[in-house]
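Engineer: Line by line, the protein sequences give chains A, B and C. Per my numbering, the first sequence starts with residue 1, numbered consecutively. Per my numbering, the second sequence starts with residue 1, numbered consecutively. Per my numbering, the third sequence starts with residue 1, numbered consecutively.
Hints in this document: simulated from the structure, not taken from any laboratory. A hint or two may mislead.
[Said to hold, decoys possible] Simulated crosslink set (DSSO-like; lysine-lysine; CA at most 27 Å straight-line):
{"#": "1", "chain 1": "B", "residue 1": "K296", "chain 2": "C", "residue 2": "K424"}
{"#": "2", "chain 1": "C", "residue 1": "K393", "chain 2": "C", "residue 2": "K61"}
{"#": "3", "chain 1": "C", "residue 1": "K393", "chain 2": "B", "residue 2": "K132"}
{"#": "4", "chain 1": "C", "residue 1": "K424", "chain 2": "C", "residue 2": "K412"}
{"#": "5", "chain 1": "B", "residue 1": "K310", "chain 2": "C", "residue 2": "K354"}
{"#": "6", "chain 1": "A", "residue 1": "K138", "chain 2": "C", "residue 2": "K63"}
{"#": "7", "chain 1": "C", "residue 1": "K55", "chain 2": "B", "residue 2": "K347"}
{"#": "8", "chain 1": "B", "residue 1": "K347", "chain 2": "A", "residue 2": "K398"}
{"#": "9", "chain 1": "C", "residue 1": "K112", "chain 2": "C", "residue 2": "K96"}
{"#": "10", "chain 1": "A", "residue 1": "K182", "chain 2": "C", "residue 2": "K50"}
{"#": "11", "chain 1": "A", "residue 1": "K232", "chain 2": "C", "residue 2": "K655"}
{"#": "12", "chain 1": "C", "residue 1": "K310", "chain 2": "A", "residue 2": "K435"}
{"#": "13", "chain 1": "C", "residue 1": "K420", "chain 2": "C", "residue 2": "K310"}
{"#": "14", "chain 1": "A", "residue 1": "K88", "chain 2": "B", "residue 2": "K346"}
{"#": "15", "chain 1": "B", "residue 1": "K9", "chain 2": "B", "residue 2": "K310"}
{"#": "16", "chain 1": "A", "residue 1": "K179", "chain 2": "C", "residue 2": "K55"}
{"#": "17", "chain 1": "C", "residue 1": "K55", "chain 2": "B", "residue 2": "K346"}
{"#": "18", "chain 1": "B", "residue 1": "K296", "chain 2": "C", "residue 2": "K96"}
{"#": "19", "chain 1": "C", "residue 1": "K112", "chain 2": "C", "residue 2": "K123"}
{"#": "20", "chain 1": "B", "residue 1": "K296", "chain 2": "C", "residue 2": "K310"}
{"#": "21", "chain 1": "B", "residue 1": "K346", "chain 2": "C", "residue 2": "K63"}
{"#": "22", "chain 1": "C", "residue 1": "K50", "chain 2": "A", "residue 2": "K435"}
{"#": "23", "chain 1": "C", "residue 1": "K496", "chain 2": "A", "residue 2": "K390"}
{"#": "24", "chain 1": "A", "residue 1": "K270", "chain 2": "B", "residue 2": "K132"}
{"#": "25", "chain 1": "C", "residue 1": "K178", "chain 2": "C", "residue 2": "K512"}
{"#": "26", "chain 1": "C", "residue 1": "K412", "chain 2": "C", "residue 2": "K376"}
{"#": "27", "chain 1": "C", "residue 1": "K254", "chain 2": "C", "residue 2": "K220"}
{"#": "28", "chain 1": "C", "residue 1": "K512", "chain 2": "A", "residue 2": "K232"}
{"#": "29", "chain 1": "C", "residue 1": "K402", "chain 2": "B", "residue 2": "K13"}
{"#": "30", "chain 1": "B", "residue 1": "K332", "chain 2": "C", "residue 2": "K402"}
{"#": "31", "chain 1": "C", "residue 1": "K63", "chain 2": "A", "residue 2": "K179"}
{"#": "32", "chain 1": "B", "residue 1": "K332", "chain 2": "B", "residue 2": "K9"}
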Amino acid sequence: MENKSGQAHDQCGSPEHGLHRRRFLEGLGGGVGAISAASWAGLFSNPVFAEQTKRKQKRCILLWLCGGPSQFESWDPKPGRITGGPFKSIPTSLPGYHVSELMPNCAKIMHKLAVVRSMKTDLENHNTAIDLLNRGDKPRPPFVRPTLGSVLGQQLGQLDSPIPNFILLDPCPEGNEFKGFKAGNWAGWLGAEYGPVRLGGQYKLPDVKRLPDITTTDHEEREALRRFIGRKYENDRLSAAASSQNAAFARVKGLMSCADLFDLERLPQKDRDRYGPGTFGLHTLLSRHLVENGAPFVMVANGMPWDSHVFHNEIYQMVIPDLDNIIYQLVTDLEERGMLDDTLVVAMGEFGRTPGINQARGRDHYPKAWSMMMTGCGIKQGVVVGETEKDGYEVASKSYDERNLFATIFTALGLDPHREYDLPGLPTFHYVEEKAEPIRELLA
Amino acid sequence: MAEENKHPKVLAKQAKEVRLPTAAYGLALSDDDNLCHVTGMDGGVHAVEIQSGKTKRIGGHDSYAASLERLPGSQTLISAGYDGRILWHDLAKREVVRDVKAHDFWSWQMKVSADGTRLASVTGRYACGGYKYEPAPEVEPSVRVYDTATGEHLAKFPHIPPVQSLAFSPDNRFLAAGNLMGEIRVWDLAKREQVAKWITGSFTGWGIIKGHYYTGGIFDMRFSDDSNELLVCGMGSTRDPAAGNGKQLWQRFDWRSSPAKKLDETHSGEHGAGLMETLDQHPSGEYFVMAGRLFKGNWNVAFFDTATGKLLHSLDCGMRCSKARFNAAGDKLFIAGTVSQGNDKKKIKQFGRLKVFNLS
Amino acid sequence: MPLIRQLNLFPIGQALGLAAVALGLLLPRLANGEETKAMYWEAHIRPLFKQHCLKCHGGAKQKGGLDLRSLGSTLKGGDSGSPVLPGNPDGSLIYKVLLPGADPHMPPGEGKQLPESDLSLVKNWVAAHVSPHSSNTGSEPWAAASPVLKPKPLKLPAASLPASRVIDYLVQIGWQKKGVSPAKRADDRVFLRRVYLDLIGRIPTPSERTAFLADDRLRKREALVDSLLAHPEFAPHMREMFDVLLLGRVDEGKTNRRADNRWHAYLETVFRENRPWNEFVRDIILAGTGDGSERGASWFLYEQNNDHQKMAESIAPVAFGVDVQCAQCHDHPSAPEIKQAHYWGLVSAFNRSKNVDTNNGPGLTESAIGGFISYKNLAKVSAPAELTFLNGKSVSENRPAKDTKEKDDPAKYLVPPGNKVAAKPRFSRREVLAQAALTDNPGLARAFVNRVWAMLTGRGFVHPVKEMSSEYPPSHPELLAWLARDFEQSGHDIKKLIRDIVLSEVYQLDSKPSGLSRPEPSVFAVALEKPLHAEVLFRSLLVATSRWPSESDTKVDAAAFRKLLLSQFPDLFPREYNASIQQAMFLSNNPIVRDMLHPDGGSPGLNLPSLLLNLPGQSERVSVAFETVFGRPPSRDETAMFEGYLGRRDDRPAKGIEQMLWAMVCSPEFLMNH
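Only chain A is shown next, with the shape it has when bound in the complex (with noise of 0.2 Å):
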């Protein structure tokens, strides 16, 4: 078992480590000493990596609905119970099933999607809670465990794509705690260049266009010396600083060569229309046309709207329509291009709400029984998993946690849930722990 003292271990997890790795990825592409920038060709060659990028592409997007959403005003209405709140609840295209009367248009396509309305987790804060529904397990210090996005975009990503594995859309900047957890270490013991990219509130990225009086050999061959340059440095110091450093440029190609994907202006006005006019709605729009165009993970935040301890009703009867416009224009959209079956499109928060109104007219934090809504790649449709009791204090079927959850997703992209994560001087971990069993009825 790994070590909690982090004495005789010290180089796990450390940027030390990583340099290891790093070293090790490059000798395959053809000599440390290589000016050219061109090393994706060089690993790509090798059949040790051929064999990844003939998988068929699968993909993700996960719209990620921070400060908890309201169970009750969505998935699991109790409507005319004390806990219920002031909306009723509407049939959907699956009988028997209803959502609320805030959602007309998911009502209309659930036989396409899947719910889980029995979670129960442990963490009621955010900053706990949501660094636990991003990385699906508790933390284990000094080790951080790489989060949904990061391993997703490592497993599904092709090495000699350009578009980045990892792609959060984001437009509001502050946000309180998920502020600070998007401040922090995405990609974990993965290594830097697994984390994030990161933008929102503009659909264009800023300065990602290469100036016009230089050519691009040069722009390559430059980063190539400043790579050289920087490589006593960092391996006389095995220095962090310099692979965090080499890590981000080492995405700048990339990402310029896409720069293109990432404005939204040049996608269709009907199709803006239909998604938005708000920016999550169109943010989740250029999540489609990213994963479209082969990004493997995009994550949609807006800021922490549903996080409604004070004027519940009040926000919820707007974000939750814009919600349930959002997920219909995007699943249907999908499935029209043929793409439903291998995007997994997962709609959750860190939480769910208190069936109690507080004294402030909202709802409060509530882990011990919440909902969250899946479709797409592997997964089932039509599904609604689980129950809560008559007035949504408790689940009252089988419940299921983060584990449970991630092992499900892994899975349903054809990813092994339990296996380890294969990478020297790092203690035994698994991409789920102790054989945490996915949700198997929504499993397809």
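Keeping the supplied structure of chain A fixed, place chains B and C upon it in accordance with the hints.
Structural biologist: Same frame as chain A, but now just chains B and C:
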């Protein structure tokens, strides 16, 4: 000091607290100080016997019931709810004598005119209408006016939803309505036309910190006795409305000027933070009360001098106040409200409250 | 002793060790067994409890009266007595309840069972790593149940010893304990660059470097440090950093207001004239508007715009070294000595104060009455806020009876309220706070020492810097205590503290580790890398392109460049350094960066790129570039590589130079302080 002698004195002491099975939103007093009615989160209209604390449900809506008014000089109560319906309850006959579906969406607030001949109700769902989540235009008339005697629909007026509050002028000529964005419109009821429109941005926050949408707005309104001024209340704007930490705020306007002129607002140093939901004026006209929630500070109920706007007296009554009403004699203040509902399924709380204060 | 600076550190350490023994120094020497026990708690059990148990047995609530936040409180136990029978895990409640099928079972709730590995840790702990005496707090400096920040008495080296030598000695003990070899001493070039960046916020110019390298005085490093501390750029650099640390990064408009209202001038005066740090803290709390030395200090509170909670949160790290935000709604979840009462006590200290625009500038007026608030904890139990502070000080006030209004009275004031007046009551809550912060408050000195140590070495004794609670014990408790005491006794002498640290051998270690692996940062056996933040990067780029000190240039809009750098590299001492792709994109594609590095064909004397263009050969270009940008000659490999690069761009030499310089300034050697 000489200055102090000019201001009316008021002191409020809690005399009674009644626990209600549900949060109380609407409140209507009767001629008998021992009996009043509230509407609740359960949609019901409840009769409340103050001394005994006994409550009895006498009818209700399918969803939250937010407003309750007594038709002056009668045994009829009128309620309005989030089911968009307006109900006439005849207390003598003990039945609902009229049921009008006024709106598709909620009735946010409903009031009866001073002479009792008209009632108006405001509606509107906040829907995403822009990149910054500005409200989308109305999909049904935001303001509707009815004849209280016949239930006849008399007029409809446009506004930008959600329209959260309204007020009739004491001279029965005008109707005002305010919305989430702090836009206030005033109509001449006889001529059926708009006579004033302005925006106060002080009550609306755009959630820079947590969520890029608008919250707050105007929660209650009241014309002055001479109908020339309009008093409105809500929560001051803040960059994090999700925290509910805006100022406890009222503003008073001379609405007849063009543009409308702000005359006064809560004085600096005389307020804390929290949403203010209700206004009422003392029958003497000397002072008014504003009540709501205490997020930070010392009070959630405060009395202000009508003439100068100065804070006269304040208290923390330990709950969220949704309606405050003086009785006709002016010696009592009734406040309907709620505390937290709690999340223990084994201990279902009586979380509504009605408090009665003696005034001196 | 001319050989001292040549000596490897070990012999010095040994010499000091002998001297220490000779002087009868007694350092806390924990017997091996004791040490292991304390470390076992810290490394295995405390994190386990924090993860699984503190929600119900921590700051917010203590079910069964059991508080598991500290070793002492754990051993003390709760309603069921002590849950730990040392040596007897099977009989200990703390272990028994964890077993599958136990009743009651911990953690409670369906399906919650700690894994076998965790059970073994607890079993092991009780069996072999707990002393029978409950006073076994080992490396824990805080008394477990004490409500007050009181460090356990430590045996410290004598106060009369030179501080730099005490630093070296105590850090060296740590190396020995961990079996770690320190890096070698940084050579003059490395030292020069580092100390310029740390003290005056830019790299040295070639002539400054030449002068230092040529200096053959014995104590030239000392002389250099003294000259930098007296340098006109010292105070502005310190001001830039402390401005951000105290009040945060803000936009241009707000920054200008800080300057216009003399806050920047005041801060610079503090550093330039080496005003005592404790007087600075008093000045910003009292926020006076006189014409005296404190003019400008009032902006600290004034900018916070009557937000009393924000004021409380901003002063706590300065006065007490802790971040109290967690204690707004409940006692601190994992540090038992930080209570909700302390948070609201600080708020009360400020909530009679309000901004006022006096004829002498912005100030704060304080009322003699009012400001009696209550706060609720999570259980909705209400308590009145009183003036009680983290160092155990409290002052009682007469709370007015409920529903009575206090009468204000000019007699209650030294300076009565009036139009544009900063009123001063006879009993001033802010003065009470200032008094509490400045007397019998070890936290003040400790916080500053920790902060400055972190700024200079890259990591605090307590890390994170603002968490000096029982939750984060310092890596070097004796050294922190000694330096804090020395700081107090010196009269809170800021420059002396900086000087002592910078002239220690620990600070002067090289950043290349001596072995094949990098020792943990908290051992300080190798210099840590620190990223250059925007202002420092800006000035350093001007130096590197030979523009310094002039900012004006025909081609480059320096003000615009600085502004862009501020938006791209805003982080000051980040807890974790993450180069962002946005930064890489900015450096790669923003025209202003290119303009900085491109020869402009004008007068060659103006800047480095133009100068290089006018040099005859590639070899000269490379060596001059290295000397100016990196402060060193290129290696043979580097020369070959760079000359080759330039050679391939013979047809576009200006671009070649620009790109070469780009590769250099975008490399870690330039972007980091090392």
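Engineer: Hinted pair, alpha-carbon criterion (27 Å max): B/K296, C/K424. Please report holds or violated.
Structural biologist: Judged against 27 Å, a Cα distance of about 25 Å means the pair holds.
Engineer: Next pair to validate is C/K393 with C/K61; report whether the Cα-Cα distance is within 27 Å.
Structural biologist: Status holds; Cα separation ~25 Å.
Engineer: Check whether the Cα positions of C/K424 and C/K412 lie no farther apart than 27 Å.
Structural biologist: 9 Å, holds
Engineer: Are the Cα atoms of A/K88 and B/K346 separated by 27 Å or less?
Structural biologist: 25 Å, holds
Engineer: So if I understand the rule, the pair passes when the alpha-carbon distance is 27 Å or less; does B/K9 with B/K310 pass?
Structural biologist: This hinted pair holds, its Cα atoms lying about 11 Å apart.
Engineer: Assess, step by step, whether the Cα of C/K254 is no farther than 27 Å from the Cα of C/K220, and give holds or violated.
Structural biologist: Violated: C/K254 and C/K220 sit about 41 Å apart, past 27 Å.
Engineer: Does the structure keep C/K420 and C/K310 at a Cα separation of 27 Å or less?
Structural biologist: Roughly 24 Å between the alpha carbons, so the hint for C/K420 and C/K310 holds.
Engineer: Sort out whether B/K9 lies within 27 Å of B/K332, counting only the CA atoms.
Structural biologist: It holds: about 14 Å lies between the C-alpha atoms, which stays within 27 Å.
Engineer: Between C/K310 and A/K435, does the CA-CA distance stay at or below 27 Å?
Structural biologist: Distance ~46 Å between C/K310 and A/K435 Cα, so the pair is violated.
Engineer: C/K393 and B/K132: Cα distance at most 27 Å?
Structural biologist: 49 Å, violated
Engineer: Given the hinted pair C/K112 and C/K123, is their alpha-carbon gap at most 27 Å?
Structural biologist: Between C/K112 and C/K123 the Cα gap is close to 18 Å, so the pair holds against 27 Å.
Engineer: Does the structure keep C/K50 and A/K435 at a Cα separation of 27 Å or less?
Structural biologist: Roughly 24 Å separates the two Cα atoms, so the pair holds.
Of the numbered hints listed earlier, those contradicted by the structure are 3, 12, 18, 23, 26, 27 and 31.
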